[in-house]
Amino acid sequence: MRLSRSFAPVTTAVALLIALPYQAMPYARVQTAKEHTRGAQPPAEPDPFGAECRTHVIGSRVVAYCHNPYADTDRVSLHIECDPWWDIDSDGAAVAAGPAQTVRLTGRCWQEVRSAWVSHQRQVPASSAPDGT
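Numbering (mature numbering (1 follows the signal peptide of the UniProt record, and there is no 0)) for the sequence shown: -24 to -1, 1 to 109.
Bear in mind the hints are in silico, worked out from the structure with no lab data behind them. All C-beta atoms in this analysis are idealised placements derived from N, C-alpha and C, irrespective of residue type, glycine included. Mixed in with the good hints there might be a few duds.
Pairwise CB distance ranges, derived in the manner of DEER restraints [as the list claims (entries may be wrong)]:
(1) ALA47 x ALA70: 15 to 21 Å
(2) PHE(-18) x PRO22: 51 to 57 Å
(3) GLY35 x ASP67: 17 to 23 Å
(4) PRO60 x HIS96: 24 to 30 Å
(5) PRO22 x GLU57: 39 to 45 Å
(6) VAL39 x ALA76: 57 to 63 Å
(7) GLU21 x PRO(-16): 21 to 27 Å
(8) ARG30 x SER66: 15 to 21 Å
(9) VAL100 x ARG30: 41 to 47 Å
(10) TRP61 x PRO22: 37 to 43 Å
(11) GLU21 x PRO60: 19 to 25 Å
(12) GLY35 x SER95: 20 to 26 Å
(13) ASP23 x GLU57: 51 to 57 Å
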């Protein structure tokens, strides 16, 4: 027996509805009275962190100014990649940029600078640092 052409779309639609997962159905998620009264909790946003740094390359010298507008201390380091293969790349020591503080980082290559960037690290408060025992 051959199905009529009008039955084919109906059969396909029923098969798709049966195959859909339960969570995809519009009636699947019903709030209880307890959930409705307390409301949904928004996801916690992380604290803002990180100094804003501006890096300037002048010939073979690099100067970076980093300003930290946030309450947490940011430890910033200047990294310089030199252009000639024989010129040594450098990674500067980490400098603490406290709240509302601007720090100046400097470095140089013997010849040309290929790239320079600043890395950031959140400083761990002394009270939560491991004591080594």
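Here is how each hint holds up against the structure:
1. ALA47 and ALA70 have their C-beta atoms about 19 Å apart, which keeps the hinted 15 to 21 Å range intact.
2. Checked against the given bound of 51 to 57 Å, the beta carbons of PHE(-18) and PRO22, roughly 56 Å apart, stay inside it.
3. At roughly 20 Å, the beta-carbon separation of GLY35 and ASP67 lies within the given 17 to 23 Å, and the hint holds.
4. Between PRO60 and HIS96 the beta carbons are some 28 Å apart, a value that agrees with the proposed interval 24 to 30 Å.
5. Between PRO22 and GLU57, the C-beta spacing of about 30 Å breaks the proposed range 39 to 45 Å.
6. Between VAL39 and ALA76 the CB atoms are about 21 Å apart, so this pair departs from the stated range of 57 to 63 Å.
7. Checked against the hint of 21 to 27 Å, the C-beta distance between GLU21 and PRO(-16) comes to roughly 47 Å, which is inconsistent with it.
8. Roughly 19 Å separates the CB atoms of ARG30 and SER66, a value that falls within the hinted 15 to 21 Å.
9. A C-beta distance of roughly 26 Å is found between VAL100 and ARG30, which places it outside the suggested range of 41 to 47 Å.
10. The hinted range of 37 to 43 Å is satisfied by TRP61 and PRO22, whose Cβ atoms lie roughly 40 Å apart.
11. At roughly 45 Å, the beta-carbon separation of GLU21 and PRO60 lies outside the given 19 to 25 Å, and the hint is violated.
12. At roughly 23 Å, the beta carbons of GLY35 and SER95 sit within the given window of 20 to 26 Å.
13. Distance hint check: the CB atoms of ASP23 and GLU57 are about 31 Å apart, inconsistent with the given range 51 to 57 Å.
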